[in-house]
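Asks: Each chain is listed here by its residues.
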Amino acid sequence: MVTEKQLLDPRNWVNAHADYLYSYTLSRLNDEEQAKDLVQETFLAALEKVNRFEGKSTERTWLTAILKNKIIDVYRKKSSGLANISEKKAEEEQKDFFEEDTGHWTEAHQPLPFGIEDHEPLRGKEFNHILQLCMQKLPVLWKSVFTMKHMDDAATEFICSELRVTQANFWVIIHRAKLSLRACLQKNWI
Amino acid sequence: MNHLKRVIYNCKQATLLIEKRQIKSLSFRETIELRIHLAGCSMCQLYNKQSQVIHQMVLQLFHDTEQQASTLSLDENFKKELQDRIEEELNK
Chain A
1 MVTEKQLLDP
11 RNWVNAHADY
21 LYSYTLSRLN
31 DEEQAKDLVQ
41 ETFLAALEKV
51 NRFEGKSTER
61 TWLTAILKNK
71 IIDVYRKKSS
81 GLANISEKKA
91 EEEQKDFFEE
101 DTGHWTEAHQ
111 PLPFGIEDHE
121 PLRGKEFNHI
131 LQLCMQKLPV
141 LWKSVFTMKH
151 MDDAATEFIC
161 SELRVTQANF
171 WVIIHRAKLS
181 LRACLQKNWI
Chain B
1 MNHLKRVIYN
11 CKQATLLIEK
21 RQIKSLSFRE
31 TIELRIHLAG
41 CSMCQLYNKQ
51 SQVIHQMVLQ
61 LFHDTEQQAS
71 TLSLDENFKK
81 ELQDRIEEEL
91 NK
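Top line first, the protein sequences correspond to chains A and B.
Residue 1 is where the first sequence starts when you use my numbering, and the numbers rise one by one after that.
Residue 1 is where the second sequence starts when you use my numbering, and the numbers rise one by one after that.
Quick caveat, the hints were computed from the structure, so don't treat them as lab data.
Quick caveat, the model's predicted, so the values are computed rather than measured.
Even glycine gets a Cβ: it sits at the ideal position worked out from N, Cα and C.
Be a bit skeptical, because a hint or two may be false.
As the list claims (entries may be wrong) - Mimicking DSS-like on lysine-lysine, the simulated pairs with C-alpha atoms at most 27 Å apart in a straight line are: (1) A:K49 <-> B:K79; (2) A:K187 <-> B:K20; (3) A:K49 <-> A:K70; (4) A:K95 <-> B:K79; (5) A:K77 <-> A:K56; (6) B:K24 <-> A:K143.
Stated by the list, open to error - To give a feel for the contact side, a few chain B residues facing chain A, derived at Cβ under 7 Å: (7) I36; (8) K79; (9) I86.
Could you put the whole structure together from the sequences, leaning on the hints where they help?
Replies: Structure below.
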């Protein structure tokens with residue numbers, strides 16, 4: 001099969017890809033202003049790299065790859081520095097989920113049925129709304145890991161290197177994020 | 001207490017394995033440990049069910065979010081500014 005060499009047409013970028021890149025960003029960062037900024041930054045960065053485009057992917061794939069890196073930069077920035085406090089707090093909250101010596105569920109935090117066990121709850125707006133609120137409450141790093149894994153199906157090794165967490169820490173984060181989500185749903189959905 | 005016992009009686013470890021299993025396959029040893037734990041722990045059985053349902057709902061939520069976002073578009077003014085900016089760079 002002869003693959004056609006792809007060409008770039010920067011004058012048509014806005015027309016052909018701006019809305020797509022914008023919605024791609026918005027579904028991952030949920031911030032309109034930031035999404036606009038990233039679309040602009042992506043085009044400007046792409047213009048500087050035009051000469052290095054090898055024509056092996058489509059224009060859109062190539063632009064999206066540049067954008068993805070920018071989104072990960074945002075995740076990384078947001079989860080460093082002051083954001084660590086929210087992570088500490090969330091970790092603290094989970095401390096009494098399990099008995100310290102035995103690792104058993106504590107009575108106060110043990111799982112109780114809350115109506116999603118035997119059949120999926122009605123995919124009502126209401127449940128989705130609560131799920132969304134519970135997700136928003138996760139510390140940024142946990143949420144970033146979760147989004148990269150579940151929305152983009154990124155490889156674990158890739159997430160670890162991009163967000164600078166160890167493999168062991170990756171599993172701890174996945175575990176903690178789910179413990180938090182489940183507890184939040186149990187508390188708010190009854 | 002040896003390692004095997006620790007996992008078999010430890011809900012914190014067991015729930016970690018439950019989460020891990022949704023993303024990658026567990027080692028033989030982990031599989032056995034989790035199976036034994038679940039056989040004797042009704043709370044983690046419940047957790048296991050809930051966790052899987054939540055996993056599906058999170059995937060669905062992300063999917064819906066992407067669908068919803070795909071109907072949004074940038075406002076025309078912003079697009080025009082972007083276009084101008086690109087032309088400007090190209091004509092440098």
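Asks: If a hint holds in the structure, say so; if it does not, say that too.
Replies: How the hints compare with the structure:
| no. | hint | verdict |
| --- | --- | --- |
| 1 | A:K49 <-> B:K79 | holds, 21 Å |
| 2 | A:K187 <-> B:K20 | holds, 24 Å |
| 3 | A:K49 <-> A:K70 | holds, 15 Å |
| 4 | A:K95 <-> B:K79 | violated, 49 Å |
| 5 | A:K77 <-> A:K56 | violated, 31 Å |
| 6 | B:K24 <-> A:K143 | holds, 19 Å |
| 7 | I36 | violated, 15 Å |
| 8 | K79 | holds, 5 Å |
| 9 | I86 | holds, 6 Å |
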